[in-house]
Amino acid sequence: SQKIEQNSEALNIQEGKTATLTCNYTNYSPAYLQWYRQDPGRGPVFLLLIRENEKEKRKERLKVTFDTTLKQSLFHITASQPADSATYLCALDASHYKLSFGAGTTVTVRA
Amino acid sequence: SAVISQKPSRDICQRGTSLTIQCQVDSQVTMMFWYRQQPGQSLTLIATANQGSEATYESGFVIDKFPISRPNLTFSTLTVSNLSPEDSSIYLCSATDRVYEQYFGPGTRLTVT
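Protein chains in written order, with this note's numbering: chain A, 673 to 783; chain B, 242 to 354.
Same shape as in the complex, but just chain B (with noise of 0.2 Å):
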């Protein structure tokens, strides 16, 4: 298994702003991810961090807004830009070296005033 750790755990932001979350994971791992969980909601997948490219978005998420990079096979940072209080939310990042079983970080919750 993988443990996985995320700074900041919680910050309030103002309006137009950007905040970066690191996540640094304890081994080498093939897979990371971004999630976004909403107050009692799903977790909805953000995007795939990709060792040495550029990220995978899913629909509705776009590279300018969530910039994220990937330099080595245990850390990525997520950075959500020119942040308005729809971004409120908790940020988590997940890895997996296989197919199956994700291993979450304890998530950010961001507040955005």
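Chain A with its partners taken away, still in its complex shape (with noise of 0.2 Å):
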């Protein structure tokens, strides 16, 4: 069965450090792979697209890796800020327009 995995664990850093979140996926061909964050109490606001044919992508402190060999996808926040506490999920395309969630990871940065 098609299965989607995030770092179980909430993750607890110090502020100033790097973040990194982990999505291993199953039985799917993505052609492309999404981060969102979602704050409590609020719907997930698109972070990151990667493609299935690009490894690395940037977006000021956020970096994404995509190894569709290893059917996994790292998610980095590097200097880490108070302000990105929150969940980060990823998602798969499905097919057409449908996406895929994981469950999420919730992060927390220390002051």
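Wrong hints could be hidden among the right ones.
[To be verified] Calculated lysine-lysine pairs in the DSSO-like style (CA-CA distance at most 30 Å, straight line):
no. : chain 1 : residue 1 : chain 2 : residue 2
1   : A       : K770      : B       : K248
2   : A       : K735      : A       : K689
3   : A       : K770      : A       : K689
4   : A       : K735      : B       : K306
5   : B       : K306      : A       : K770
FYI, nobody ran anything at the bench for these hints, they're computed from the structure.
Put the complex together from the two separate chains, hints included.
What follows is the structure, encoded as structure tokens:
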């Protein structure tokens, strides 16, 4: 069956450090993978998209890698700030326009 | 980008009743979706709301329980019928005009007593 797995444990890091989140998938062949941020009581907000033929993508302090051989994406938040505290979701294209989401990883950045 | 609003933001309903959730987008969009998110769990796609035709439901979701309307390109409703405590969840509407990023509403928190 299809599965998307993200870090099962919440991530607690010190301000200024890099947070690294993982997203592993099975029985998908995604053309692209997306990362979203979700704050408590709010809907997810799109952050980054990476295509299957791209190894790495950056946006400001965010970096995403995509390894289709390992079936894994890594999401990095560099120079983390308390404002980065949120739940981060990875999503794969399931079929035309549709997304399948992982359960998310909660990140807390301590000042 | 699109801005999406949902009404109500939360509700407490009695078992056996129904709740209709409204989703309004500030611009015309091609695709609208309805998701359910249970506490600590991932978003699960309920259905794709198709303008002018019946919604397309995902496995495990049926029209009788989750009737959906989409009368135009900016508006959709989801009704959760014959409520049971298992329906307590957050319901989210999303929209996209491209194959890629989706824009989400703030969600409707439903509690069934």
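Going down the list of hints, with the structure as the test:
{"no.": "1", "hint": "A:K770 <-> B:K248", "in the structure": "holds (23 Å)"}
{"no.": "2", "hint": "A:K735 <-> A:K689", "in the structure": "holds (14 Å)"}
{"no.": "3", "hint": "A:K770 <-> A:K689", "in the structure": "violated (34 Å)"}
{"no.": "4", "hint": "A:K735 <-> B:K306", "in the structure": "violated (41 Å)"}
{"no.": "5", "hint": "B:K306 <-> A:K770", "in the structure": "holds (21 Å)"}
Hints 3 and 4 from the list above are not met by this structure, while the remaining hints are.
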